[in-house]
Amino acid sequence: MKIKNILAATVVAGALATTGILGAGAAQAATPLRAAAPAATLAELRDAHQLTLLELIDVVRYDVRESFPTSTLMLADGASPSGPTTDMYKVTDWRFVFNTNDPTSRIKSLQVNATLAGAIQPPTYYTAPWGGVASIPDWVGMSPELAYHILRTAGHGNAYQYVSLLKPLVANPQLQYHFSNIRGGCDGFAVNVNDGVVQPICG
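Numbered according to mature numbering (1 follows the signal peptide of the UniProt record, and there is no 0), the sequence shown spans residues -29 to -1, 1 to 174.
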């Protein structure tokens, strides 16, 4: 499924669901796409050569909520196909996991694979909810580029292949970006979205 198809439906609907996920990076500032977004904004997004992660989250969430209005994003997990990188725009291949929160449906969670180029695959459905993390709020307020800038400023400017956005279920849970060279691994660092604190992923 191509991004243009999804956004064409969005223009017909005349609005995007309120998401507030769009954040501002050190070299990037994005305007949140909210309900009744102007057609010009949608056209700019549709014609973009490459989306940001936060724009892609907006579009994928909107599409998922057409079928599951109460769904919540549980994980955004990205990879750089070319290997470790210091350029977060090269982390182009993402999977998004949602819990449907629909007691009437056998489908309890789903996964959508998508790229920053706008290619969005059909969902894969599961009969069990995604666990081990809390849901990601509709307003994040930080891009992966800004999170990496904070990480580099803290002295950890290594190249990383995997970037994840999640809220682990631990004491005092924080929404975080995880930077690692092992998918889901403990080898890298976490950056808190709310306060910019940097710490080892499994510290």
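Hints listed in this document are in silico derivations from the structure and should not be mistaken for laboratory results.
Where is the CB? At the ideal position from N, CA and C, for every residue including glycine.
Check each hint, because a few of them may be wrong.
[Stated by the list, open to error] Per label pair, the in silico range of CB-to-CB distance:
1) W110 x V168: 29 to 39 Å
2) T75 x A130: 40 to 50 Å
3) T98 x P139: 15 to 25 Å
4) P93 x A125: 34 to 44 Å
5) Q92 x P171: 24 to 34 Å
6) Y97 x C173: 17 to 27 Å
7) N84 x G54: 12 to 22 Å
8) C173 x D73: 26 to 36 Å
9) S53 x R123: 16 to 26 Å
10) T75 x N129: 42 to 52 Å
11) Y97 x E37: 29 to 39 Å
Comparing the hints with the structure gives:
The beta-carbon spacing between W110 and V168, approximately 19 Å, falls outside the hinted interval of 29 to 39 Å. For the pair T75 and A130, the supplied restraint of 40 to 50 Å holds, since their beta-carbon distance comes to about 46 Å. Restraint check, T98 to P139: a C-beta distance of roughly 24 Å satisfies the suggested window 15 to 25 Å. Checked against the hint of 34 to 44 Å, the C-beta distance between P93 and A125 comes to roughly 39 Å, which is consistent with it.
Judged by the Cβ atoms, the range 24 to 34 Å given for Q92 and P171 holds: they are separated by roughly 33 Å. As the Cβ distance of Y97 to C173 is approximately 26 Å, the hint placing it in 17 to 27 Å holds. The supplied range of 12 to 22 Å is met by N84 and G54, whose beta-carbon atoms lie about 19 Å from each other. One distance hint, 26 to 36 Å for the beta-carbon pair C173 and D73, holds here, with the actual separation near 33 Å.
Between S53 and R123 the Cβ separation comes to about 19 Å, which falls inside the hinted range of 16 to 26 Å. For the hinted restraint 42 to 52 Å between T75 and N129, the CB-CB distance of approximately 47 Å keeps it satisfied. Between Y97 and E37 the beta carbon distance is about 19 Å. The supplied range of 29 to 39 Å is therefore violated.
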